[in-house]
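Residue numbers (the working numbering), protein chains in the order written: chain S, 1 to 265; chain V, 1 to 87.
Watch out, some of these pointers could steer you wrong.
[Unchecked claim] Distance condition first, Cα-Cα at most 27 Å in a straight line; then the derived DSSO-like pairs of lysine-lysine: (1) K12(S) x K81(V); (2) K12(S) x K79(S); (3) K176(S) x K21(V); (4) K215(S) x K12(S); (5) K165(S) x K21(V); (6) K176(S) x K215(S).
[Stated by the list, open to error] The calculated label-pair distances, taken between Cβ atoms and stated as ranges, are: (7) S167(S) x D27(V): 18 to 26 Å; (8) R28(V) x L224(S): 52 to 60 Å; (9) S167(S) x E41(V): 45 to 53 Å.
[What the hints assert, rightly or not] Chain S stretches covered by chain V per the calculated footprint, using a threshold of three residues with CB under 8 Å from any CB of chain V: (10) 1–8; (11) 105–113.
By construction, these hints were calculated from the structure, which means they are not laboratory data.
Since this is a predicted model, take the numbers as computed values, not measurements.
Glycine included, each C-beta is placed from N, C-alpha and C at the ideal position.
So you can see what is in the structure, the chains are spelled out below.
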Amino acid sequence: MEPRVITITSGKGGVGKTTITANLATALALAGHQVVAVDADIGLRNLDVMMGLENRIVYDLVDVAEGRCRLRQALIRDKRLSNLFLLPAAQTKDKTAVQPADMVKICEELRSEFSFVLVDSPAGIEHGFRTALAPADEVIVVTTPEVAAVRDADRVIGLLEAAGKESVELAINRVKPEMVERGDMLSVEDVLEILSIPLIGVIPEDPEVIVATNKGVPVVLNNLSPSGQAIKDMARRLLGEEVPFPTLKGKESIFNLLSRWLRRK
Amino acid sequence: MRLFGKAGLRNPRDIAKERLKLMLIQDRIQVSPGFMEELREALLSSLGKYLDVDREGTELSLEVGENRGKLVASVPIKSVKRRVEHD
Chain S
1 MEPRVITITS GKGGVGKTTI TANLATALAL AGHQVVAVDA DIGLRNLDVM
51 MGLENRIVYD LVDVAEGRCR LRQALIRDKR LSNLFLLPAA QTKDKTAVQP
101 ADMVKICEEL RSEFSFVLVD SPAGIEHGFR TALAPADEVI VVTTPEVAAV
151 RDADRVIGLL EAAGKESVEL AINRVKPEMV ERGDMLSVED VLEILSIPLI
201 GVIPEDPEVI VATNKGVPVV LNNLSPSGQA IKDMARRLLG EEVPFPTLKG
251 KESIFNLLSR WLRRK
Chain V
1 MRLFGKAGLR NPRDIAKERL KLMLIQDRIQ VSPGFMEELR EALLSSLGKY
51 LDVDREGTEL SLEVGENRGK LVASVPIKSV KRRVEHD
């Protein structure tokens with residue numbers, strides 16, 4: 001299988017990009033793949049915290065880009081999984097410290113050792129976003145079922161289309177089925193209808209994520225967590241498996257909607 | 001599919017959906033340079049099969065109101081063609 005560089009982005013901040021990157025990387029590593037997670041959010045690094053690796057950082061992405069160390073020296077091996085690595089962001093530099101061309105070069109080098117390179121993009125649509133996007137073969141846009149998040153996701157999808165990115169998929173995070181049922185929240189179907197790009201994951205709201213973040217242990221390692229299960233399903237879909245989306249309560253099943261959407265293509 | 005619910009019966013989910021759709025009409029048009037110009041050209045060229053229109057006097061605008069987006073076109077007609085011109 002060809003190595004794949006997948007950038008996780010969203011436009012709006014706080015929708016769960018970093019949590020999804022850490023967990024997706026962990027899930028792919030659990031499935032036996034060589035995986036590296038790259039934190040492209042320079043100046044506001046968090047991926048290390050989600051993975052519980054914040055105490056092990058010696059060199060970072062900016063050191064690699066500026067030639068102060070070799071790429072291999074900056075990679076941190078996960079505590080639990082020997083086939084999972086982190087390339088941390090710098091905490092003290094600003095977002096322009098790494099250029100899109102640097103990122104492309106670094107990811108090219110990572111492709112020779114890893115089957116999956118997951119890049120965690122910063123929020124926004126400026127320099128950091130363009131840098132994170134530059135090496136991507138595939139892009140996952142994360143949103144939540146909220147007006148502002150969906151609006152920003154639409155803007156990002158437009159920019160990705162303009163940039164010629166062909167594989168762009170949607171992950172909808174923090175879905176609360178009981179609120180959808182009551183008519184208080186946008187449903188998965190509503191969001192899909194508005195954004196009309198293929199769906200790769202639906203992650204329910206889950207307090208276990210906060211617990212997992214506090215402990216620095218990705219929630220996919222908790223077999224009882226519904227959000228962990230949803231991200232494992234997402235990883236399986238990325239690997240080409242057909243994993244049905246759990247039927248969320250609502251007016252129309254997601255299967256109907258998806259098949260309708262596919263027919264329209 | 002129901003786009004616009006009856007006033008007073010709408011729940012927060014429907015309101016959110018409606019607001020989003022309107023926002024995206026404006027956003028998508030505003031961020032695509034040349035969108036309105038291209039639309040204007042497409043409109044004029046298909047109208048041209050039926051009518052002889054005053055291109056310079058044509059005005060095209062987008063109005064986003066309380067609950068819908070509306071494309072408003074004002075096209076002065078010079079004359080109506082006797083025969084529809086097919087491509």
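Quick rundown of the hints versus the structure:
A threshold of 27 Å between alpha carbons decides the hint, and for K12(S) with K81(V) the separation of about 52 Å lies outside it, so the pair is violated. The straight-line distance between the Cα atoms of K12(S) and K79(S) is roughly 31 Å, outside the 27 Å bound, and the hint therefore fails. Between K176(S) and K21(V), the direct Cα distance comes to roughly 21 Å. Compliance with the 27 Å bound is thereby established for this hinted pair. For the hint pairing K215(S) with K12(S), the CA-to-CA distance comes to about 25 Å; that is within 27 Å, so the pair holds.
Distance check on the hinted pair: K165(S) and K21(V) sit about 24 Å apart at the alpha-carbon level, within 27 Å; holds. Restraint check: the Cα-Cα separation between K176(S) and K215(S) comes to about 24 Å, which is no more than 27 Å; the hinted pair holds. Taken as a hint, the range 18 to 26 Å holds for the pair S167(S) and D27(V), whose Cβ atoms sit roughly 23 Å apart. In this structure the supplied range 52 to 60 Å is violated for R28(V) paired with L224(S), their Cβ-Cβ distance being about 42 Å.
Between S167(S) and E41(V) the C-beta distance comes to about 32 Å, which lies outside the given range of 45 to 53 Å. Chain V is given as covering the region 1–8 of chain S, and this is violated because 0 residues of the stretch bring a CB closer than 8 Å to a CB of that chain, at least three being needed. Under the rule that three or more residues need a Cβ within less than 8 Å of chain V, the assignment of the region 105–113 of chain S is violated, with 0 such residues.
Violated hints, listed in ascending order, are 1, 2, 8, 9, 10, 11; each of the other numbered hints is respected by the structure.
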